[in-house]
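**Student:** Chain by chain, the residues run as shown.
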Amino acid sequence: MTTERISVHEPVPLLARGPAGGEFGEVGPRAQRPVPRIGVFVCHCGINIARTVDVERVKAEIAKEPGVVFATHYTYMCSTPGQQMIVDAIKQHRLDRVIVASCSPKMHETTFRRATSKGGLNPFLCEMANIREHCSWVHEDREQATTKAIEIVRTIVEKVKGDAPLEISYAPVSRRALVIGAGIAGIQTALDIANGGHEVLLLDRYPCIGGHMAQLGETFPTLDCASCIFTPKVVEVAQNERIKLLAYSELEEVSGSVGNFEVRIRRKSRSVDVTKCTGCGLCSEKCPTKVTSEFNRGLTARKAIYIPFAQAVPNVATIDKENCRYYRTGKCKVCQKVCQAGAVVFDQPDEIITEKVGAIVVATGYELLPRSVYGEYGYGTYPDVIDGLQLERMLSASGPNQGEIRRPSDGVVPKEIVFIQCVGSRDNAKGIPYCSKICCMYTAKHTRLFKHRVHDGQAYVFYMDVRAGGKRYEEFVKQAMTNEGAVYLRGRVSKVYPRGKKLIVRGTDTLSGRQVEIAADLVVLACAIVPAPGVEEIARKLRIAYDENKFLAEAHVKLKPVETNTAGIFLAGACQAPKDIPDTVAQAGCAASKVLGLFANEYLASEPIVASVDEEICSGCGLCVRVCSYKARKMDEKKHVAAVEAVLCQGCGACTSACPNGAGQLKNFRNDQLVAMVDAVT
Amino acid sequence: MKYAYFPGCSLHSTAIDYDESAKALAGALGLELMEVPGWSCCGSTPAHSTNQLLAAALPAKNLVAAKAISDEMVVCCSACFSRFKFAQKHLEEKPQLRAQVADMMPAADAQKVRVRHLIDILTNDVGPEAIAKAKKRDTGLKVACYYGCLITRPPKVTQLDDPENPRFMDDLLKAAGMETIDWPCKTDCCGATFSLTRTETVLRLSAEILQMAKEAGADCIGVACPLCHTNLDLRQSDVERKLGVKYGLPVFYFTQLLGMALGLNAGELGIGRGLVSCKQLLAAKGVV
Amino acid sequence: MKSIVQKNQLRTTLLQAIEEHSGQSVVNCYQCDKCTAGCPIAADMDTPPNQVMRLLQLGLVDEALRCKTIWLCASCETCTTRCPREVDLAAVMDACRNIALREGVPVPDRAIALFNRTFLSIINRYGRLFEMEFIGRFNTGTFNFFKDMTKGPTLMAKGRLTFLPSLGGRKTACSVFGDVRKVRLHLPPAPLDAGGNHAVPAREAHETTE
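Residue numbers (our numbering), protein chains in the order written: chain A, 118 to 799; chain B, 30 to 317; chain C, 24 to 233.
The shape of chain A in the complex, shown without the other chains (with noise of 0.2 Å):
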């Protein structure tokens, strides 16, 4: 097989078949078998499994196994001088299976196959036999340790001499990636992975794009205005060649594997032409049915025709089909009336398409948890007591005030503003445990603008910790508290009532040992980051992993905080965690580059370690279809035998177990070999 046109995701350099052998390696009764000649090293991982495991003893012990030519015991076989002990060794002694006793293969299991490759050996007649995670890691005994190292490594070295060489195959790589949610993390990471020169499909549930970004006033902590750092990205989006905006879409199903997703999106229904319509408004004017504005948090209405607001992106009317009066009751239309360029079409059909992309990239940010779980703050129900999104829209200059910040209840400026943080936060009784890491900062910063609009406000903030680790955070709070004079109270608010124009607060200082009462105009809640509602539903279409608090899981929050435990499917943004805006910005370049370094091959290789059908034996029942959950298991129609697809096959054995008659079975893993290990030790 030549390599020149081909990069391979690993580059792991192809030689020579090892010893003659079959599709299975050597099948049958074990006395039939060539006799292999095994190397093994053991290796001391420093004290991590010398000083629980006797590793000479073990080394000592395997070496008058039947097989076993040659057996040595190393400090660190991960070393460069480790690995190059391997290559002489295959050279010197000839052998032809490779076994290296030391950590998990998780860890090393690449380094060792590259090793045994440079030796001149298929790097798949290379094992690892665990007995560092699984053994020297958990035991303290020594001499209980010792004796169980010595029987994993006897069940490798029987299950070594079943392996065969096996051929890593490559699929195409489809380079096209799909954005789900396009806040400022999902427009980031399409914009980069656009500029890369690759094609986006950028996908949002809401009529248009711009996610919680789109709604908020100035931001930390350089106080610029959030449309107008963000606007330039979101106009970039709309007319970047290689992006498609699916708009109002939603994600329906999810099949194949890295490089080769094939996806169903729901391009909702807006029941307007959007070819013809102009973004001019007056259908909206004209329509006679209001509804809270979830863009405006609820401090406005909107009409069940409409455009969330001014400068959305798309710029195209939507009808709320649960609102409307034509959908509800057959009667109306008066939008259709009106529009002048024909763009209102009633039931409007949703439209279903099918792409093809090569890897996903979930961005669907969060959400606020609702005032409504507070009873002591009054449930959501006192107009006066916000969140602080509802302030964000206030504080916006196209807000619903004009950046003037009134008080719901009757549009009067307030004078003083109490600010109670950790509203849901950290509360392990009615909250999440979580710290939501960005309210210390908007808060600092509400107060700071609160001053800023009325000169003789006054903010106060009842606060637990300050958090202000990032860049020129520390120096943003402090300026609040120095410069706008907010002033800060440390303690929570046990309750909050309304007497007469005013809100009462009662709340604490623990700074001056006493109870603190506040008679305010206006209480902002900094409620807890939630990730958006659905995200349960996404995972599960995708087969990713979210945690107990509902935020995707990463596949190492160090070291992989972009990839997720499904290769071809990577995070960006608050659906991982609670995170500010300079963080999600830099996490959606990174996860951009691990797309684009997908993107890098064309071709990518795929783990040979794959289920097999022995069409001989296989009676075509077609159990194994209908275990797999990777649809890489299909019937052959003409020869009436399973067949298996490589590319998609993730090696899990499910389809194995349910064969009836051994005819599957997964390669390197067959159950001769499985029963020869447990044999080794019983």
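In short, the hints are calculated from the structure, not lab data. Virtual Cβ for every residue (Gly too), placed ideally from N, Cα, C. One thing to keep in mind: the hints can contain errors.
Claimed, not checked - Chain B is nowhere near these chain C residues, computed Cβ spacing over 10 Å in every case:
(1) K25
(2) D85
(3) P107
(4) M172
Unchecked claim - Derived PhoX-like pairs (lysine-lysine); straight-line CA-CA distance at most 20 Å:
(5) K275(B) with K174(C)
(6) K243(B) with K618(A)
(7) K235(A) with K208(A)
(8) K619(A) with K243(B)
Unchecked claim - Example chain B residues on the side facing chain A (calculated, C-beta under 8 Å, incomplete):
(9) D191
(10) E193
(11) N194
(12) P213
Given chain A's structure and the hints, the job is docking chains B and C onto it.
**Tutor:** Positioned in the frame of chain A, the structure of chains B and C alone reads:
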């Protein structure tokens, strides 16, 4: 349905009107209440503040006596209700305590009785619809429903209504044709047992409650606990004197309010036993 | 003021007794102060409720048991209901009171101590509260003979005060007080008959659990 009935000390003396109106109301609604034989004080605050074993054993002994009559025991006084619920909870969670109490009485029986506040019986066993049907007159009263601390707190123990904005009393009174006001002090503490030992504190707290009820436009206050009644009714004149204000807010037990709406007569409901006069108010509403 | 905080004083047996009695671990509190914020009595307390918890966290148990706050707690359960760490502070206060008494720590508020003692003495004697005697003894004990004096006749006129105690619960209460005393004095419990009642009669009425 037959319920064991635990009046508690107050209902036989300072809160005799609660006992009268509860029994009259029960009679009108067909609830059979049988007083627990040989019932004693539940121990109230002094017992649990000083001796956990005593605080569990007194209620337990009464529950054992109640078990002989019924599996369900009705309590009117919120403090007694709280003590019984706590006793059952502690007996369940603390093996040593359970063993000590088991040495004194068949403690397992104490755990088998379901302790219920009268307001729970009226809401869930009788139901607001039945109350609405039995209503005979519109009192026209505007009531501030004051639940106090111990009916709804702590929620893990009482498992009754919402601790921040309860509605049981409101719903019952509304079903009986009364107007209930929306106000934020439904569960604010009145000062409880400090009526004698820290009277100033009680005055401060009760003043807040009376003031807010007045500001919200209530004619009167509805309560479900003798101690709440004492602090808001008996001490109302003390608050008025101290702050130089006039409230004139009669304090009724919710059973009295429901009884009036159901057409029962003032005498059998103990109307008028409160220190704050309700004559003027009731006359104005045409309820005599 | 300065406190010495030492490793071997952080988790004394006394603190463990408080934690066992209340079923709470003091380390769970993160001093957010929501309890103090909502406490109806905090304005009158010397040590705010959260600081009592803080004293326990720092191993300064003795100071916690001596403060007035634990006796001024109204057991309104507001703190317990609103605590975001699900710490039952009301139970901790109760435990402090119980254990302070057990350890012989003097109650810093004479009136409250008298209130509790008198109340329980009357229950032990009669089985149910007898207000006349209670108020009489309390007022005498606090040298406040005429407190609430005007209320007495009014209540009597309204039929809300009795002249004689109600004795219906005497047997129940006395047997319980007697049994509890046995436990306190480490005496074996009295045997129960088939009906779950004591075979021997209840103890003398004048004895209390004090």
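**Student:** So which of those numbered hints doesn't the model satisfy?
**Tutor:** Hint check: nothing fails, all pass.
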